[in-house]
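Chemist: Letter by letter, the chains look like this.
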Amino acid sequence: MKKFIFILLISGGLWPLLTFAQSNEIISANDLFGDLRARHIGPALMSGRINDLETHPSNPRILYVGTAGGGVWKSNDAGTTFNPIFDDYCQSIGAIALDPNNPDNIIYVGTGETWTRNSVSIGDGLYKSMDGGANWKKIGLSKSERIANIIVNPSNSNEIYVAVLGALWSDNEERGVFKSTDGGTTWKKILYVNQKTGCADLAMDPKNPNILYASMWEFRRTAWSFESGGESSGLYKSMDAGKTWDKIHTGFPQGKLGRLAIAIAPSSPNILYTVIEAEEDARKGLYRSDDAGENWKQLNNDFGITVRPFYFSKIVVDPRNSDVVIKAGLSGSISRDGGKTFKNLGNMHSDIHDIVFDVKDSERLYVGTDGGVYRSWNGGTTMEICENLPLSQFYHVSVDNAEPYNVYGGLQDNGSWYGPSSADGGVAAREWNSVGAGDGFRVLKHPTKNIVYSEMQGAENVWRIDVENKLVKTIQPLPAKGNPKFRFNWNTPIALSELQADRLYIGSQFLHKSEDRGDTWKIISPDLTTNDKAKQEQVNSGGLSKDNSGAENHTTIFSIAESPLDENIIWVGTDDGNVQLTTDGGKNWTNTTANIVGLPKYTWAYHIEASSHNKETAYVVFEGHSTGDFNPYVFKTSDFGKTWKSIVTNEINGFARNIQEDFVNPDLLFLGTEFGLYITLDGGKSWAKFTQNMPAVAVHYIELQKQTNDLVLATHGRGIIIIDDISPLREITPQIFTEEVRFFASKPTVMKDQSGFGVSFGTETQFVGQNPSSAAQIKYLLPKRHTFGKMTLEIKDMNDNLIATLGAGKSKGINIVNWSYSIKQPKVAKGKTFSFGGFASPRVKAGTYKAVITKGNQVFEHKFDLIYDKHANLSRQDRELQFKTTMKLYNMTQELAYLVYELDAFYEAVKEKDNKTATALNALKESLVITSGDNYVGSAEPQLREKMADLYSKLVANYDKPSSNEIDNLEMIEKRFEQAKADFSKLKKKAKIKNLTLKPYEDFINE
Amino acid sequence: MKTVKLLLLAFILVVSAQSYAQTADEIIAKYFENSGGIANWKSIEGMKMIAKINQGGMVIPLEIIQLKSGKQMTVINFQGKTIKQGVFDGEVLWSTNFMTQKAEKGDQETTDNMKLQKNDFPDPFLNYRMKGYQAEFLGKETIDGVETFKIKLTKNPILVDGVKEENVSYYFFDAENYVPLIVQSEIKSGPMKGQVSEAKFSDYQEVGGVYFPYSLTQGLKGQAGQTIAIDKIELNPQIDPKEFSFPEEVSNPQENK
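Read top to bottom, the protein sequences are chains A and B.
All you need for our numbering is the position in the first sequence, starting with 1, plus 4.
All you need for our numbering is the position in the second sequence, starting with 1, plus 1317.
Check each hint, because a few of them may be wrong.
As a list, the in silico SDA-like pairs of lysine to any residue whose alpha-carbon atoms are at most 25 Å apart [what the hints assert, rightly or not]: (1) A:Lys788 / B:Gly1456; (2) A:Lys985 / A:Tyr902; (3) A:Lys859 / B:Gly1456.
Hints in this document: simulated from the structure, not taken from any laboratory.
As the structure is a prediction and not an experimental result, all values here were calculated from the model.
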């Protein structure tokens, strides 16, 4: 007995039981998601922000792309197609470097975007792959937040230099230039200025790896301002591999400096270019040195050179021509006279961040923009977009109730869009519709009318779009007499009511309400923010270069939630930390923030989720990343904010922005953080990261579609990601882990009649979003992976007739098996060629079926329903006729197959002794099946088999009941078949063969 | 008291499992030991698998034959017609063209790469060093809900569009019973180049003293795959060598009259 228990223990048999006995309240979802997989629908037509491009030193077809929020992508075909290679890690990328001595295997990725706009994400260190990106290891600099450059010494692979720009919102010592001499195992800081100043750019002399140039930048962002430049910025040079550094400012402007770029002409390393952000406008711009930095001369201060240094301070020199210089910028500028004059690069998406020249041909170059990667074949004159990068950076997402439902959302610098959640042939770029300009945020569909609301940054425009009539109107609230200036956030909240279709809310510092779709507005609150004047000085923001884009507007309302249970209950969250509540439609407001314990003061109330289960319940997600606080804060109240409880555990990585409550199970919650999606099954006692085809991307907003139970994620770097039908998660309780197999309930499956013509021409090199499965899905949970012994999944009807055999899922957790609600194709008579119609599988009738899992000697059954598609508008009788006629042809096809099988046997038996009968049999066969030709254009004249199978497959493919013409055709075929049977019967008698061994009919058709 | 003892025992077991450093060779040795023993594995001369795939209602019957000599083929029977795919006789790789139903040779590079895989039967890890392969233990990883040992297998380099490339696959061995559960490798050529393919194994059953997976699900990493369900495995089948030979087309003299 003891031994028995011992064996059970080591085989893990008792472990699950023990675990649950100890803590029956927690339901850990770790490793349970199984086949519940994310599907990506992009779009890629506007792609997303690019931070760094990297080429292979000898293979011009290989290109790496480091993106602002969508990870690392590799192309093997010069940008025609891409694959992501860094999905399990931080998706905000600063720099990529290949070891020049082993470029196929050794790759370094520095995380954390370096173009420090307001919406920038964060990094979490430096990673290394030794096998071309298949496996990654973090090798340090975990607190670096953003990495600007990585340089591997071409004559010593163990020597690596890393430029750490460092923390944007807080003081931090992990910044400056770092060096490793052991391939990244240990790091030493070799250039450091202070806690506010990081290394923005780093360059190594290509002929002498001891010579380095580093630009140091003093910078700081808060939620309400940005400061570029100071006494600590400067350009440094080292001649001794980083041991000592000297400022090289001869010829530089006086006073404070801002963000500087540095570039060496690879063909002539004494020629350097820098772009300088200075106090005096006249002294800003491009400078050149022809003596390796000893002296500098100003060349140009055009707009394209000086524009927004924090966003565009990047220079690239043609590797073969020291006079060809490209400067990043609003449009990108190219000089062919050593930097004296510039012209714009060809037309492409604005905001150019990086440029790389092809390693073999300078006419070919790649450009990274706010809207993806562009490629030029003619030195930048014309640019074409790489269509394969789904990097869209959504701020928000909403859905409608259409079938299939549409997805609506706004993007960083890429307007507002809506598109279908599925489409014929997949969700291609052409499926998406533009409904807004500028930066896009909330896009909301009117609940009943064909109207879409959208907005641009700071509510500069809020649009109401009559989609059908293509009428566009702006409806943003304007101040009237007695009103102060309205303060709208860059990302202004707009909200609909679930109870009043025409109602609309917008938040400035006040809550504005409209009952007529935005035609008239009423202010229904006092200033709900702290109204701290010190945080309202945006006009002075930017530092050395004024930058008042509206991105820093602060002390504003950021989240609005009307309770779905009571229209008088409205929650409002502000960017300066207030959570305000009214329970009387705005007459009285209560600030509940003081009741929250464990939350730093003024932490941004990013999202409020008013519960759909209980009107006193709400969830608030706070985030403090703009103070350098990267902890997740999620609080729940069940008493109108009198008390709050944190539902965060240390399983959650990254600061959180959004939470979604399930409509059915109040303990099922979805949390979007900067590093992915987390799910709790127990109301927040434990959280598990969802990683099934889900990259570690920032999730900014989450929506749950009510009809389909699809979870729709607005990611800031990988577009819209959908997890189809999360309903199995609702059923997971500790008890079900004790069951060997546990089936999940499923809604009746509609056997889809709708179809179309998905055209793939023109999308070969485009990203095309995946469609959901339209099959009947058998869903079940296995508490343990099935590895040993047979496990099968069969579909049976209620009379236990076998209908189909499917490949069972064997993973631990949720398994999903698709069944096309059809039986196998008929057995078809053997001919010279294929009868293509015979490959069709007929659908079963609507009704109840059983999924039967056999696992070893145990059998598990689950009933489920199939229903007809109402779109076809067919009566029960029509369906019956369609099924009967199809199955008649199915059976005829199989009978003909058997007849031909018999005929061939008789022919073989008589051919030597009875030439006449043999010839007659052969003649009959030639009228039954094709006996010559091929399967393509060399095909022969169709015979009975082909006519029968063609009509059969026509009926299988048609949604409709058989037409009179089809019935007539069937009659003709039937007659012909009867004739054939009679003819064969006569010939059989003539053949006078006894004792011919034939397989019985059933065996023949099932073999 | 009994419970305390048991818990203590369990604790010791867990701790010792953790502190016990694995090597690739130990894991591979355990795999062969647990799945039938190295002698049984070495005695396998050939395999014939009877299988089927259900592709959206269309059931495709397959017969997969692999021999120690590297000879192999997949035979599909459709409407009474035999179609052979991936036939390799040790020198020539060929398949039946679906349109003409005639045999056509595979391109030379694919054929050459096929020759390199001759040694993979019955298992690439069997005597892997003698084949010039390398195996490296990368660490533990939870995949498919199971704790596994991840092993990198590097085989002889293949040619891709005329360029030599490393031939690497990653195997995930069940940490409990040491059988392979999943193998992943980067697709090296064609329009899917750069994506990662994945095959999952389950339904291990014994044939002739050796455990083989009777269920194989193939697809792209992170996506739903296509399952091949094996009904029967026959060891050391007798196959006429002519079955693997490329059928040279002979012109029909009657047509030339």
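Chemist: Given the hinted pair lysine 985 (chain A) and tyrosine 902 (chain A), is their alpha-carbon gap at most 25 Å?
Modeler: The hint holds at about 11 Å.
Chemist: Holds or violated: lysine 859 (chain A) with glycine 1456 (chain B), Cα cutoff 25 Å?
Modeler: 31 Å, violated
Chemist: Next pair to validate is lysine 788 (chain A) with glycine 1456 (chain B); report whether the Cα-Cα distance is within 25 Å.
Modeler: Roughly 22 Å separates the two Cα atoms, so the pair holds.
In summary, the one numbered hint that this structure violates is 3.
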